[in-house]
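> From first to last, the protein sequence lines stand for chains A, B, C and D.
Mapping of the first sequence onto full-length UniProt numbering: position 61 corresponds to residue 61, and the numbering continues sequentially without gaps.
Mapping of the second sequence onto full-length UniProt numbering: position 17 corresponds to residue 17, and the numbering continues sequentially without gaps.
Mapping of the third sequence onto full-length UniProt numbering: position 15 corresponds to residue 15, and the numbering continues sequentially without gaps.
Mapping of the fourth sequence onto full-length UniProt numbering: position 370 corresponds to residue 370, and the numbering continues sequentially without gaps.
The set of hints was computed from the structure by calculation and includes no laboratory data.
Note that beta-carbon positions come from the ideal geometry of N, C-alpha and C, so glycine has one too.
Where hints are given, some of them may not hold.
Unchecked claim - Incomplete in silico selection of chain B near chain A, CB under 7 Å:
1. 7
2. 15
3. 23
4. 41
5. 43
6. 70
7. 72
8. 76
9. 89
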Amino acid sequence: MGNTGHGETFLFWVGSIISILGALGLIFSKKIVHAALCLCTVMLCLAFFYMAQGAVFLGVVQIVVYTGAVMMLFLFVLMLIGIESQDSLVETIRGQRWLAVPFVLAFGFVLIGVYAHANLPEFVGTDAANAKGGGNVQSLALLLFSRYFWAFEVSSAVLITSATGAMVLTHRERTVPRKSQREISIERFERWGKGEKVSLTGLPNPGVYAQHNAVDTPALLPDGSPSEASVNATLRGRDTVRGFRPLPLPGARRNGAAVASRGDAGNEEVSQ
Amino acid sequence: MNPDNYLYLSAILFTLGALGVLIRRNAIVVFMCIELMLNAANLAFVTFSRMHGALDGQVIAFFTMVVAAAEVVVGLAIIISVFRTRRSASVDDANLLKY
Amino acid sequence: MTPSYAPVAATGTFALTAWVILLPLAGAAILLIGGRRTNRWGHLLGCAAAIGSFVLGAVLFFALLAKPGAQRSYDQHVYTWIPVPGFTADVGFHLDQLSIVFVLLITGVGSLIHIYSVAYMEHDENRRKFFCYLNLFLAAMLVLVLADNYLLLYAGWEGVGLASYLLIGFWQHKPSAAVAAKKAFIVNRVGDVGLSIAVMLMYTTFGSFAFGPVLNGASSAKVGTMTAIGLLLLLGACGKSAQFPLQSWLLDAMEGPTPVSALIHAATMVTAGVYLIVRSNAIFDVSPNARLVVTIIGAITLMFGAIIGCAKDDIKKALAGSTMSQIGYMILAAGLGPIGYVFAIMHLITHGFFKAGLFLGAGSVMHGMNDDVNMRHYGALRKFMPWTYVTFGLGYLAIIGVPPFSGYWSKDKIIEAAFAQGGTSGWILGCAALLGALVTAFYMTRVVLMTFFGQKRWVPDAEGHEPHPHESPWIMVVPMVVLAVGSVAAGFLFSYHNAFVNWLSPVTGFSEGHSPINTAVLQVVTLVVVALGIGYAYLGYGLQQAPSTPPLGSFATRAARQDLYGDAFNELVFMRGGQYLTRVLVYFDMKGVDGVVNGVSAGLGGSSGRLRKLQSGFVRSYALSMFGGATLLIVALLLVRG
Amino acid sequence: MSSFPYLTVTIAAPLVGVAGIALLPKGTGARSKQIALGASLLTLVLSIVDAVKFDVGGPRFQLNESYTWISQFHINYSVGVDGIALVLILMTTVLTPVVILASWHDDKDRPRPFFSLLLVLEVMMVGVFAATDVFLFYVLFEGLLIPAYFLIGSYGRSGEQKRSYAAVKFLLYNLLGGLLMLAAVIGLYVVAERSVADPFSFQALANAVSSGTLHFSTGVERWLFLGFFIAFAVKAPLWPFHTWLPDAASEATPGTAVLLVGVLDKIGTFGMLRFCLELFPNASHWFTPAVLVLAVISTVYGALLAIGQTDMKRLIAYTSISHFGLITLGVFAWTARGQVGASLYMVNHGLATGALFLLAGFMIRRRGSAEIEAYGGVQKVAPLLAGTFLLAGLSSLALPGMSPFVSEFLVLVGTFEKYPVAAIIGVTSIVLAAVYILWLYQRTMTGPVAESVSNFKDLNRRELAAVVPLLALILVLGFAPGILTKYINPAVTQSTTQITVAPPHTVADAARAAGSQR
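From just these sequences and the hints, can you work out the full model?
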């Protein structure tokens, strides 16, 4: 079964170019989200390759589990950590890059050289094997539940352990009892009583009295000026706060100054 | 086309993944590069499965995915807990375990 | 007459031989284990064991006497001590004319000194221990003279060394005593090295070290080996008998209680060397060279001891010098071969009597003088201690060889035998012996004059007690009297009809010497020489008072006071040298050997400290090294696989 | 194979004590010393039973047991004793209760681990002498280091830093030797596997070597010999591998030091006698001159250094180095006299040096210092202590009547037969022995009573009970060494007949032959 069909050849060349570009993107993209997307691309290409090579089940699993679940996990974590954390590509360990690149290149050459020199047998193709159980899935299942039964069981144990491990790792025991709302309130009033600048009523929710109730829309203060304090610091840091068009209210010129002063105060409150 | 090309592709992807692990500092990117390496290996497995006409390679690839999933779960959990304490996801910042 | 060694198994009366030893051994064991519980009667037990042993010895003696001369050799096998393939050391006792003489001397003088010590040590809180040690000494000494093989003899040899150590250091609280005891033991050990190598050489030569094979086989063995064994035995004898060059310990050994000096360091133990040489006569008979060295050593020590004796103010040290000198006589005689063996032993016995008597007398004097030993603090004691004076005087007459006292009979024979050796060496040895007689007469007269004559030069002791000289209690006097009787009569008895020669010659062999000088002339010359010595001493110490503080004296006197610089030499070469050597070695061990060990570990530690820096904590550098390692590994594998 | 596993029971008996100590309820840890004493006494009784069961006229190895351990490599748990091993086991089982009795208060408030470690050490010491499987021997040989390490490092003198230095030095030094031995054991296995069915069984190996079935090439044999020999030379210890001993012995508690010097180090000389000579006879012969030189150096060097020491325990440790030199001399003398003497010396040295160490320990416990200068006139205030110390010292300097004399003389005679020069140099050590023992005695015990010792108490009953049996044994064996040579003689003759090298022909043998013809 020497060469592949033309369809597969086409798929391969297109797919391989895309996946190599994706891999390069993964390595060199500054933003992590971009990197993640690049990886998704690579994985999808690989899923096609799997299917093209007769591993239909794996191809589906690659898409569903890998690209779907695992990559989503990555994105979730990315979100938790903060989308804003960007990776600078400046090297900090002395000599790391200068050593890494030649080593990796050497490794790649060796690997490719090995493949090139290896006496690889003619490709048999998976059709016969797939046909044995009446289809790829069935044939895999036959193997999984017979020869690889033990490995299968053990891998399930690994999964459970890892799930437990993840919970244990991310769980945080409270060192002090959680404060009740009442206690928080009392504390806030005490601080206010000492003369600190505390907003007794709590910070305003975003979007209140504004044109829109999205999170990136600041709330409006009673005087109609937007409260910067009502918007998440991340959004503010990224400068993605929805622009505010002050409504034509009476005395709008004096309010501009008020907005600025209130805004400063709000910033302080948030940072506390 | 000779199906050997799949193997060359897997070698290239693996090498790129390794390069990423070595030069990126963000833990998540490093992690993703590892995933890339695993995937490259999987591709080789699947290709070999095709070469030999046996499904064992696919089974191994399947197990690789399982283990990769488990690894991702634990690894990400570790990243999170490191981030909580150190406010950083850079692998270079977690260097207390040294001489 | 040539001696032969062919004992028969001891039966009947002769089976009592082992008991001669066991009695004092049991006494020592009981006193050691019994501890304080035996304090009350310990001294009595000690005396009883010694006297019992003497009685047994006497019984054996008379039993031997009843046998004809050729049948007086018995062997009692007790048990096999060290059973090893090709090497059998037995505990067995050999009883013959030679050993019984020693048994009687040891147990006889030993018993007397035990009795003497009851009073002498009365006020010492450790009197029981003293008797324990004395009994131990008797047992070891008896083992020495009764052993039927050289290994057991060696055991007894070291045993008496131990007893001597314990007794010299009996007053351990005195640092000088402790040092002296240690010195005695160590110097003796130097001699023991010789003896033990001799035993080994015997074993490799004869396949055994029992008397039988060794003594009977000596005549057919290689002369060179026999010379070597003889010289090694001589080294042993030098250690034990305080012969040059191992003489230095004897003077210090006077730190021990006086009865110890009398028994061990005058009468018995120090003469063990003479016994060893006479017992090994077969070996020395083969090797004239070894004999020559023996005579030379004897002659040197004879003069050495006598000169030291002249200069010492300490009465015990003067007597110790004399002992050294007299043993020199014996060794000299023993080295003469068959013409001298018998007289060596005869002089040994008579010397045992008179020197023990002299020491006991000295002890009695010290007893009366607050334990002061300096003769310059004595004087005019004859009126205060008449018994001591008389017995000491008789011993004095015996030692200087005034006829008919016992020393005359034995010493004269040695002088004759020395001349009879013939040739140049005979003249030299004979003249040395004569000169020794002169000096002996001088220093002994000096001792007697300074102690018993002249005016009182008494001084209070360190605590201010004036001395009140008095006669010692009867229990001390009686042994002195008995010994004095021995000093007076023994020589004559031994010489009567050549009794002693006839008695011993089956063991030692005897050949009549032919002196180049007429015997009668030689005797007259000897007496003249002795008279000269007495006269010179009288000029120096009888007509004029000895000053209480010693004058500076001539160079010779100063040298003699310093034991002819023997100690100085030892100190310089062995002690200082040894200390320096050990210090260097300790330093070498610490810095050199251990330094290498620690250096290796420090080097490893240092290099690992540097390598440690590779553990930078950066995951990515670890990953890089893993990756690089993997690459290299793959390349290496590929290269190896070709 | 005997029906009842006598040896295994003997080996394991101390474990009963360990279990007992472990089961003690909380707060009653102090009881562990009684339990340990009981267990060690039980072991003593069992080992005496072994000795009774041992048939002196029988085959060389008796009370054999063998169970498969790792079948792939033909490794068995096999034990059995010849006469030499038996007397060494007896010595071990005698010393252990004595040490426990003497260490009654040395546990520093942690009695459980201390006494358990002592018992575990006993298990391994008895096991190592009983092992007839080379691999089992190796495992126990190395395993011994663990309890010994903790005993030195965790207890003993107060100076934490010096103590751990000594313990680590001991461990590393011996591990290094052990590693060489491991390499040699593996090499032996690789070579022997081809021709011997049971390539780890000592008996099978020795038989194969003597019958010529197992033949090493010259180079291989020499390397294997060196692997074993250096391990044993470190253990023994021989100059220049000795520097760990003074440190370890002086930092450990006296009891540990007794076991360290008295028993552990014997494994080195025991191993030389059994493994080096019998498995590699040709190489042993080739190396004999070198070994003799080392032995003679050890003898004289150890004695000279002992003279120069200022610390009592270090002094005793150096005397042991001197004595080990003599033992090695006897082992490599290639005569029955020398080897019987060496075997006997191992026992006697254990007893004599053991007593000396314990007594020094009692003194140090009273005064709190090991410096010789800190003492003086002890004899006046504690006559029993001084007397027993003198007795032990005299036995150490090999006075006739004490057991070491017999062995020392046998060693020297045995050496003299073939190597007179070595023997003569060795003999000089008896003078040096007198110097270091008597000078030590003089400086500590005699003279005016030092201020610091004036309130010394004499030995109490417990201390006497620890020391007196040793001294009694020394005296009994001094007068009747036949008790032990009865066991040792057949073992030595059987092993020397097994050595295929032409039997050493000595002057003495010739003389004996001539004598028998007459």
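> If a hint holds in the structure, say so; if it doesn't, say that too.
So, going through the hints one by one against the coordinates:
1. Taken as an interface hint, residue 7/B checks out: its beta carbon lies about 5 Å from the nearest beta carbon of chain A, inside 7 Å.
2. With a least beta-carbon distance of about 4 Å to chain A, the hint placing residue 15/B at the interface is held under the 7 Å criterion.
3. At a threshold of 7 Å, the smallest CB-CB gap from residue 23/B to chain A is about 6 Å, leaving the interface hint in force.
4. Taken as an interface hint, residue 41/B does not check out: its beta carbon lies about 11 Å from the nearest beta carbon of chain A, beyond 7 Å.
5. This hint holds: residue 43/B has a C-beta 6 Å from the nearest C-beta of chain A, less than the 7 Å allowed.
6. The beta carbon of residue 70/B comes within 4 Å of a beta carbon in chain A, closer than 7 Å, and the hint placing it at the interface holds.
7. About 5 Å separates the beta-carbon of residue 72/B from the nearest beta-carbon of chain A, less than 7 Å, and the hint is met.
8. The interface hint given for residue 76/B holds, since its Cβ lies 5 Å from the closest Cβ of chain A, which is under the 7 Å cut-off.
9. The criterion of a C-beta within 7 Å of any C-beta in chain A is met by residue 89/B, whose closest approach is roughly 5 Å, and the hint holds.
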